[in-house]
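> Work out the full structure: start from the sequences and follow the hints.
So you can see what is in the structure, the chains are spelled out below.
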Amino acid sequence: MLTILRAFRRRLRKIAFILAHVGEARRMAYDPALNVTYFSGEELKSKPRIFLDILWWLVRFGEINVYYYNYGFDRKRGARMEEYIDYPNFKRIRNMYNSRVAIGRHVTDYECILKDKFVFSQVMKTLGFPTPEVIACCLGDRVRWTAPRRITGYDELGSIESLSAFCKPFLGECAEGAFRLTVEGKRLLRNGAEISIEKLRLILREGYIIQKYVAQHPRLAALHSHSVATLRLVTINSGKEIVLFESCLKMGAGKLIVSNFAAGGLIGEIDRATGKLMRDFYGNPTHGGGRVQRHPDSGIMFEGFEVPFYFEAVAMAKALHRRLYGLRSIGWDIAIGPDGPIIIEGNDNWELTQTPLTGMKREFYRLMPDRGIRRGPVNILNGSGTV
Amino acid sequence: MISILKKLNRFARRWLFTFAGVVTVTRFVNDPKKAYSYYPDLPAKSKARVWLELIGWLFRHGEVNTFYYYYGFDVSPVDQGAYIPYNEFKDLRNNWNRAIYIGRRTTSYLALLRDKYMFYLLLSSLDFPTPKVLGLCIGGSIDWLDTHTTEGIDSLMRRPGFKAFCKTILGESAEGAFPLRVEKGLLLLDGAPVTLPDLTRRLAGGFIIQEFIEQHPRTAELYPPCINTLRINTIRKGNDVVLFSSCMKMGANGSTRDNWASGGLIGVIDRETGRLMKEFKFQPGRGGVVTRHPQSGVVFEGYEIPFFKEAVRMAVELHSFLYGIHSIGWDVAITKDGPLIIEGNDNWVIAAHQGVEGGLRARFLDTLVHGGKGGSC
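Residue numbers (our numbering), protein chains in the order written: chain B, -15 to 371; chain V, 5 to 381.
It is worth saying that the hints were derived from the structure and are not from the lab.
Some hints could be false.
Think about it this way: if two alpha-carbon atoms lie no more than 25 Å apart in a straight line, the pair counts; the simulated SDA-like pairs of lysine to any residue are [what the hints assert, rightly or not]:
#1 V:Lys94 x B:Ala86
#2 V:Lys136 x B:Lys(-2)
#3 V:Lys11 x B:Ile(-12)
#4 V:Lys167 x V:Arg206
#5 V:Lys313 x B:Arg134
#6 B:Lys183 x V:Gly107
#7 B:Lys75 x V:Ser112
#8 V:Lys11 x B:Arg(-3)
#9 V:Lys94 x V:Gly66
#10 V:Lys136 x B:Arg306
#11 V:Lys313 x V:Val302
#12 B:Lys224 x V:Thr204
#13 V:Lys241 x B:Ala303
#14 B:Lys224 x V:Leu203
#15 V:Lys94 x B:Lys75
#16 B:Lys183 x V:Ser324
#17 B:Lys75 x V:Tyr105
#18 B:Lys183 x V:Ser112
#19 B:Lys224 x B:Ala299
#20 V:Lys136 x B:Arg134
#21 B:Lys109 x V:Val302
#22 V:Lys94 x V:Gln84
#23 V:Lys313 x B:Lys302
#24 B:Lys(-2) x V:Leu9
#25 B:Lys109 x V:Leu130
#26 V:Lys241 x B:Phe289
#27 V:Lys241 x B:Glu190
#28 B:Lys302 x B:Ile284
#29 B:Lys224 x V:Asp202
#30 V:Lys10 x B:Phe289
#31 V:Lys11 x B:Thr(-13)
#32 B:Lys224 x V:Ile157
#33 V:Lys11 x V:Gln84
Now the structure itself:
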């Protein structure tokens, strides 16, 4: 009885959602501020056709496809919509495999290993993978230093003579709240501007890690020197092996100090056979979008640009994923230092980067078959899940 | 509509459970294996009085109090309100441990305690003493941490003299754990020879291979066949981590585990002096109260536990680094060099402690304080 009512309620909600978003679909097709193509030189669909496309996507998947133009669906010839996975199903399947896993008869949730930046860095340290050192984590009125291990107040920060670090919230995503912290002769600088220890304390007490700043490879620094360009590699544990699912490069632009696509950075694919960049890089639609073939600041052409230590980075991500057996899929952020790859973080809630070159639906469902809704935890030993 | 049906469902279930509970209580009171006094020398309440008190507990708290005799409710005029019922404690413990907010985000940190491999990785990185994990056995192969190689189970045979303890990755209360040795080309599981295919089958459940530890002679003296550990419970109270209770667990009656649930003994360590208190108790159904160890004959009262203060300090400090978990029950072994953290448990049981320390309701509820802005939880 309850199950039938719940199913009925789900249907009703979906219909209500569709009806409530028809106007938005219309705006996406007709509003000049939203109807921004990434392919101005190509033959494009008419506005009514675009509206119907977006409406059809809304009815089928219950979402407004904000990446419609980014994927290049507005072109008459090019990307095929049926090769692209919709976000609601992608999110459900990704979370289902990552959120609850069983080993034997016990169930747990391993997401905190990736979500909490302090925990992640400490796990990396013991496993021996290169990662920026976390020197302290701050929460409440305590600063917990890692080496040598001790717990102090914030005054100790004022006694440091020199430091080049990055402060990030423990559980932050997409670089939210992150800032550069430098100490020069006991002067504390936040993103270059002086800050008092008391003001810094008020920020850090919300739960921050202090992580040593990473120097990046000069070839990548040449692209955009204000931010550290990172590889976004997605690896999926197929059950038999760790498979490289996505391979992109993210970089900042303008005055951005982070490389995140969501924060306004650029993203483009790396040819996994050669380790070289592809021709086009894309901006996030929510930050104005756009498709570029050379970096807007440095002017460097992307096509054929060789990413140093690319193959080492892929091998490292695969090796590390094997050790993190509790997570089916991980989106890695990997910086390239002068001496090789450096793991910045792993994300359980990675986003798809389906560019106009690649619809990833088939590959995604091959690696993570849809187990339907309301299924039990994924068992990583007996074949209902991974390894 | 759905919420009304849900409420009806809950209400019906609760009353169904309560009526079924009356039958369980009646059976419990009449079962000589469970309904026995821990204090046979003291005047006991009548069976009818015991039954009525258990029914009262069932209606008030929605549970059959199987710890009735263990708590000593059957003999003395104990204030039963000072004891926290298991269901209420479990709900509070789990709700406070399950997820915390840091800023506006939340996550569950329980895997750090539940997964023994992740626990080891975290503690090693912070230089807390913990038994070394030599290998991780998952999916039919072993990841050796010393050589950073992945090899088959047969790689054990290439390590003559190998001696380790195998534990399930997510196991609780030492379930499935066994000692493993390689001697004269033979694999010995719990001292008995085992074939490679049998061992492979046994390890299929996901195991860590952990080094053997040697306990301090003083704790070994209590009961030599197993590692006797301290159970130290720490709780985050506001922004501080405090000691909640400290007990000693030890094996008994031939058991190679010290767990209370596996037939071991539990008793209080005086937090001021680090010495054992007079009485130790078995789990209901497994025995009563003892003042000296049934096998070693060691008298408990005043027995000094080495490195006790250091163990408490270490547990409190380590809990500060595990800011995402409200309360933790630590198993700490004592070696010649000092305390060694064996594991942390988010799902620790308060009943064992209430039985030896008295009612802990007020002390536990007192810790349920939010850290405020900038604090955790």
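> Work down the list of hints and note, for each, if the structure agrees.
The hints, checked one at a time:
no.: 1; hint: V:Lys94 x B:Ala86; result: 22 Å, holds
no.: 2; hint: V:Lys136 x B:Lys(-2); result: 52 Å, violated
no.: 3; hint: V:Lys11 x B:Ile(-12); result: 17 Å, holds
no.: 4; hint: V:Lys167 x V:Arg206; result: 17 Å, holds
no.: 5; hint: V:Lys313 x B:Arg134; result: 18 Å, holds
no.: 6; hint: B:Lys183 x V:Gly107; result: 17 Å, holds
no.: 7; hint: B:Lys75 x V:Ser112; result: 19 Å, holds
no.: 8; hint: V:Lys11 x B:Arg(-3); result: 22 Å, holds
no.: 9; hint: V:Lys94 x V:Gly66; result: 13 Å, holds
no.: 10; hint: V:Lys136 x B:Arg306; result: 20 Å, holds
no.: 11; hint: V:Lys313 x V:Val302; result: 22 Å, holds
no.: 12; hint: B:Lys224 x V:Thr204; result: 18 Å, holds
no.: 13; hint: V:Lys241 x B:Ala303; result: 40 Å, violated
no.: 14; hint: B:Lys224 x V:Leu203; result: 22 Å, holds
no.: 15; hint: V:Lys94 x B:Lys75; result: 32 Å, violated
no.: 16; hint: B:Lys183 x V:Ser324; result: 24 Å, holds
no.: 17; hint: B:Lys75 x V:Tyr105; result: 22 Å, holds
no.: 18; hint: B:Lys183 x V:Ser112; result: 30 Å, violated
no.: 19; hint: B:Lys224 x B:Ala299; result: 16 Å, holds
no.: 20; hint: V:Lys136 x B:Arg134; result: 22 Å, holds
no.: 21; hint: B:Lys109 x V:Val302; result: 44 Å, violated
no.: 22; hint: V:Lys94 x V:Gln84; result: 18 Å, holds
no.: 23; hint: V:Lys313 x B:Lys302; result: 44 Å, violated
no.: 24; hint: B:Lys(-2) x V:Leu9; result: 22 Å, holds
no.: 25; hint: B:Lys109 x V:Leu130; result: 10 Å, holds
no.: 26; hint: V:Lys241 x B:Phe289; result: 54 Å, violated
no.: 27; hint: V:Lys241 x B:Glu190; result: 17 Å, holds
no.: 28; hint: B:Lys302 x B:Ile284; result: 30 Å, violated
no.: 29; hint: B:Lys224 x V:Asp202; result: 23 Å, holds
no.: 30; hint: V:Lys10 x B:Phe289; result: 60 Å, violated
no.: 31; hint: V:Lys11 x B:Thr(-13); result: 15 Å, holds
no.: 32; hint: B:Lys224 x V:Ile157; result: 17 Å, holds
no.: 33; hint: V:Lys11 x V:Gln84; result: 30 Å, violated
Checked against the numbered hints above, the structure breaks hints 2, 13, 15, 18, 21, 23, 26, 28, 30 and 33 and satisfies the rest.
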